[in-house]
Amino acid sequence: MNDQYILEVKNLTKDFPGVRALDDVNFSVRRGEIHCLCGENGAGKSTLMNVISGVHPYGSYEGQVFFHGKEAHYKSVKDSEKDNLAIIHQELALSPYLSIYENIFLGHIKPKFGVINWSELIVASKQYLDKVGLHEDPDTVVSKMGVGKQQLVEIARALSKKVELLILDEPTSSLNDAESEKLLQLILELKKEGITCIMISHKLNEVLEIADSITVLRDGKTIKSFDTNAAKVSEAELIQHMVGRDMTHRFPEKKHQISDEVILEVEDWTVFHPEYPDLAVVKGASFRLRKGEILAFCGPMGAGRTELMMSLFGRSYGSRCSGTVKIDGKEHIFHTPKNAISAGLGYVSEDRKGLGLILIQDVKTNISNSSLDKLSVYGVVNKHEEIMAAEKYRKSLGIKTPSIDQMVKNLSGGNQQKVVLSRCLLAGPSIFIVDEPTRGIDVGAKYEIYCILNDLVASGKSVIMISSEMPEAIGMADRIYVMNEGRIKGEISREEASQEKIMTMALQKTQEK
Amino acid sequence: MIDSREQSALRTFLDVAKANMRNYSMFLVLALIMIGFAVLTNGVNLHPRNFTYIFIQNSYILILAVGMVLVIIVGNIDLSVGSLTAFTGAMAAIFFNRMGLGFAATVALTLFVGLLVGVYQGYFIAFVKIPAFIVTLAGMMLFRGLTYIVTRVTPITPRTDIFKNTASGTLDVLYIMRMAPNNRGVMVEQAFHLLPLILGALIVVLMVVFGMRDRRNKIKNDFHVLPVGYFIAKQVFMAAILMYLSYKFALYRGLPNVFIILGITVVIFTFITNNTVFGRYIYAVGGNARSAKLSGINSERVIFFVHVIMGMLCGLSGIVFTGYMNSALPDAGKDFELEAIAACFIGGASTTGGVGTIIGAMMGGLVMGVINNGMSLMSIGANWQYVVKASVLLLAVWYDIYTRKKSGLG
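Residue numbers (this note's numbering), protein chains in the order written: chain F, 1 to 513; chain B, 514 to 923.
Derived from the structure by calculation, the hints contain no laboratory data. Hints are not guaranteed to be accurate.
Said to hold, decoys possible - No more than 30 angstroms apart at the CA atoms, straight line, and that leaves these computed lysine-lysine pairs for DSS-like:
| id | chain 1 | residue 1 | chain 2 | residue 2 |
| --- | --- | --- | --- | --- |
| 1 | B | Lys-806 | F | Lys-409 |
| 2 | F | Lys-162 | F | Lys-149 |
| 3 | F | Lys-192 | F | Lys-10 |
| 4 | F | Lys-353 | B | Lys-806 |
| 5 | B | Lys-747 | F | Lys-383 |
| 6 | F | Lys-400 | B | Lys-918 |
| 7 | B | Lys-918 | F | Lys-383 |
| 8 | F | Lys-110 | F | Lys-78 |
| 9 | B | Lys-747 | F | Lys-326 |
| 10 | F | Lys-126 | F | Lys-192 |
| 11 | B | Lys-806 | F | Lys-330 |
| 12 | F | Lys-110 | F | Lys-191 |
| 13 | B | Lys-918 | F | Lys-75 |
| 14 | F | Lys-75 | F | Lys-110 |
| 15 | F | Lys-383 | B | Lys-733 |
| 16 | B | Lys-806 | F | Lys-395 |
| 17 | F | Lys-221 | F | Lys-446 |
| 18 | B | Lys-642 | F | Lys-338 |
| 19 | B | Lys-677 | B | Lys-847 |
| 20 | F | Lys-291 | B | Lys-806 |
| 21 | F | Lys-383 | B | Lys-731 |
| 22 | F | Lys-392 | B | Lys-747 |
| 23 | F | Lys-446 | B | Lys-806 |
| 24 | B | Lys-806 | F | Lys-338 |
To be verified - Simulated restraints on C-beta separations:
| id | chain 1 | residue 1 | chain 2 | residue 2 | range |
| --- | --- | --- | --- | --- | --- |
| 25 | B | Tyr-915 | F | Pro-111 | 33 to 41 angstroms |
| 26 | F | Tyr-378 | B | Tyr-915 | 17 to 25 angstroms |
| 27 | B | Ile-893 | F | Ser-95 | 44 to 52 angstroms |
| 28 | B | Ile-893 | F | Val-377 | 32 to 40 angstroms |
| 29 | B | Gly-894 | F | Asn-117 | 48 to 56 angstroms |
| 30 | B | Phe-540 | F | Asp-455 | 43 to 51 angstroms |
Stated by the list, open to error - With the C-beta cut set under 10 angstroms, the calculated list includes, among others, these residues of chain B facing chain F:
| id | residue |
| --- | --- |
| 31 | Asn-734 |
| 32 | Phe-784 |
| 33 | Ile-810 |
Quick caveat: nothing in here was measured; it's all calculated off a predicted structure. For each residue, glycine too, the CB sits at the ideal point set by N, CA and C.
From just these sequences and the hints, can you work out the full model?
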């Protein structure tokens, strides 16, 4: 084993039911460097980090992970922590109602005779807080602080465990510019103290700013590793490797005609957070959807896209909302999803397992659940028609399942998504809202989903697609709305759409109206 | 390509086998337990008289289990059913004795009281969104208290035998007399009831006819059907059980009245859960409430009505139990909620909701009933009966979790 590497991953393959998340990945991290991991959503970055840190236990993957030249057999995160490896996930793992110092020492408190000396811990916590530059009373309850500060608590927590390898999964995704900059400086500080760091990031400028090495992952494979100290790397070069595929073949050809008829018109839509009724999550959004059009909503995480769509769909989100919704020029007020469905709206959630499907039910039942009124006479389900309907969509959408009696839990992500789409289609809406329709789905199935969406608009329906993958939005949409911080920042037509344009529009300062 | 097709055909076959194993394993377990006790009691437990009494003694729990399984499928629990059975049972006696109402009016009014209680509990659970555990825990105390109040802590015996006959009597018509050995082996003249046999045979014929019609229809439309071997085995199995049961009833006093009441209840609610939109909604809400909501299902209303049904069935159970004891007792229904809940879980309902069947709950209830009965016949006291029932409950749920994990369903 080469001693200069703190971590080496060899021929790592990890399968999830129906999806190969990692495919023969090789990856090495030198001692004391900052190593950045880049790739599109679903490229396998987080999975790779989860394997390394023991979230996916030894035995659930093929291949080897070497830490300090020794093969690691982590059964849980606890084992990797013993080896001084720490991971900070995208979703912070702090206990919200405990104080800073309690969170810092949670899980590795060393009590004397079973008794915790809290005052000693408060004092001890101060040095870590100083190190990360968080000037807060250690007694503060973490849920009262912003995400940026919570992130610092996480790092302080990692430091208190004498960390040698720190893994950060998109640490700056929910931070503003100043907070991000501060965090990056901190990572550079830690490097000076000899802590090795792996950072996953979508923000290429940050990556280029601090990385010693960069590895690009795509579709579960390592594409290329760069040594930024040896040769200069450009953003364009990274993007090229991240995207890889020829853009023209990733999306099906479009042939449909868009009519000038506006089918959906939303004016000044404002939505408030379900738990903090004073916090506006969507602020005065207005947009229009034409018949036969695919509309994409782009923007970073937390831009308010899902919240906007779910609140439109029968107030499935939020405490209060205001504004007007017109379908075919007629104003509607939806109190429940049922109202929205009967007015011709359909919504396919981004959270397929949590909100979309009933995993313990079979394919047939999942498809028919929204349309039982249509499939029944006097409240008695016509099982014959139900089977016919389910079979129709199994064939037309190409759902790969042994039979429609198969539990959806056992289907792959792409096929599950087709089941949700079938349910939506069977209800017969004229406006489809699809939220991240291709998340966690392999490339082949993505293409099929795109074809389904194109067929829909070709048959005169309209589609609103929320997508975090900009190439997808550009490849599919006729028009793109860019959202950030709860506002619609602008509108881009298909002809002038580019990733740079979308990003710039999302990040520009809001103009005062 | 052919390979993978064969593989998937094999997998389908195994899936079907597994799914059906799960459905019928309860029948098998029940049969094994009965055979076990038959050995231990020299066949006394299979005696027609005892057989009839197993149903009579467990009917009120089984009626409660019908409602409880719906509550559990929708993802809730109802702790109040024991107290509510006592309360409605007491109200029935009061309507009948103190108010002098006729039996039919008494039954109608008692069911209505149960329904009202269901409305009250369902409202707080479904619309105010107080956890069912809390609402029904409060109900458990409330209705016990109300029972004490309305009965003035004294048993009320119905003024005629009609309650008693409803709960413990049999449908004593259409029989022939013949000579047969009695308990002591002496030849005496005994009745042989034709009605149970005729009804049993009729149900079997209907089952086979409908089953075949459905199957033909599916084949005609090129739908997926079970292999013909499964189909025949299933029909033969069900027919055998039904005819065995009919035969046992025929040899004693004919169809027990409560068996008819229970049978109708089970048929109605099995139909509701399997064939109606409302039934489907119950499973959908229990399987994933948030997804159900986004599918356009009014989950609050579904939960509400499930609790209303539970309340009404408590009313029915109350009438039956008052009849069984021939008295409305202030302390009636103690632990009934736990027995009903245990019946559901032994019968394969899932603690997380979305899974369960009426038939399963009936089987679960009978498993416990048969164990109680068998141990009583062996003169083993209630103390050990509790111990054994506890083990059965734990084993049944453990087996359920184990098979679910193995078949990738859990």
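Going through the hints against the structure:
1. B:Lys-806 to F:Lys-409: 19 angstroms, holds
2. F:Lys-162 to F:Lys-149: 20 angstroms, holds
3. F:Lys-192 to F:Lys-10: 28 angstroms, holds
4. F:Lys-353 to B:Lys-806: 14 angstroms, holds
5. B:Lys-747 to F:Lys-383: Cα-Cα ~20 angstroms, so holds.
6. F:Lys-400 to B:Lys-918: 23 angstroms, holds
7. B:Lys-918 to F:Lys-383: 29 angstroms, holds
8. F:Lys-110 to F:Lys-78: 15 angstroms, holds
9. B:Lys-747 to F:Lys-326: 55 angstroms, violated
10. F:Lys-126 to F:Lys-192: 20 angstroms, holds
11. B:Lys-806 to F:Lys-330: The given pair, whose Cα atoms are some 25 angstroms apart, holds under the 30 angstroms limit.
12. F:Lys-110 to F:Lys-191: OK: Lys-110 of chain F and Lys-191 of chain F at ~27 angstroms, within 30 angstroms.
13. B:Lys-918 to F:Lys-75: This hinted pair holds, its Cα atoms lying about 20 angstroms apart.
14. F:Lys-75 to F:Lys-110: Satisfied, since the Cα-Cα distance of roughly 22 angstroms is no more than 30 angstroms.
15. F:Lys-383 to B:Lys-733: 15 angstroms, holds
16. B:Lys-806 to F:Lys-395: The hint holds at about 27 angstroms.
17. F:Lys-221 to F:Lys-446: OK: Lys-221 of chain F and Lys-446 of chain F at ~18 angstroms, within 30 angstroms.
18. B:Lys-642 to F:Lys-338: The given pair, whose Cα atoms are some 20 angstroms apart, holds under the 30 angstroms limit.
19. B:Lys-677 to B:Lys-847: 20 angstroms, holds
20. F:Lys-291 to B:Lys-806: 27 angstroms, holds
21. F:Lys-383 to B:Lys-731: The given pair, whose Cα atoms are some 10 angstroms apart, holds under the 30 angstroms limit.
22. F:Lys-392 to B:Lys-747: 29 angstroms, holds
23. F:Lys-446 to B:Lys-806: 27 angstroms, holds
24. B:Lys-806 to F:Lys-338: 8 angstroms, holds
25. B:Tyr-915 to F:Pro-111: 33 to 41 angstroms: 38 angstroms, holds
26. F:Tyr-378 to B:Tyr-915: 17 to 25 angstroms: This hint is violated: roughly 41 angstroms between Cβ atoms.
27. B:Ile-893 to F:Ser-95: 44 to 52 angstroms: 50 angstroms, holds
28. B:Ile-893 to F:Val-377: 32 to 40 angstroms: At roughly 53 angstroms between Cβ atoms, Val-377 of chain F and Ile-893 of chain B fall outside 32 to 40 angstroms, so the hint is violated.
29. B:Gly-894 to F:Asn-117: 48 to 56 angstroms: The hinted range 48 to 56 angstroms holds for Gly-894 of chain B and Asn-117 of chain F, with Cβ atoms some 54 angstroms apart.
30. B:Phe-540 to F:Asp-455: 43 to 51 angstroms: Because 47 angstroms falls inside the window, the suggested range holds.
31. Asn-734: With Cβ-Cβ at 7 angstroms, under 10 angstroms, it holds.
32. Phe-784: Where the cut-off is 10 angstroms and the nearest Cβ of chain F is about 8 angstroms from Phe-784 of chain B, the hint holds.
33. Ile-810: 7 angstroms, holds
Hint compliance for this structure: hints 9, 26 and 28 are broken, all remaining hints hold.
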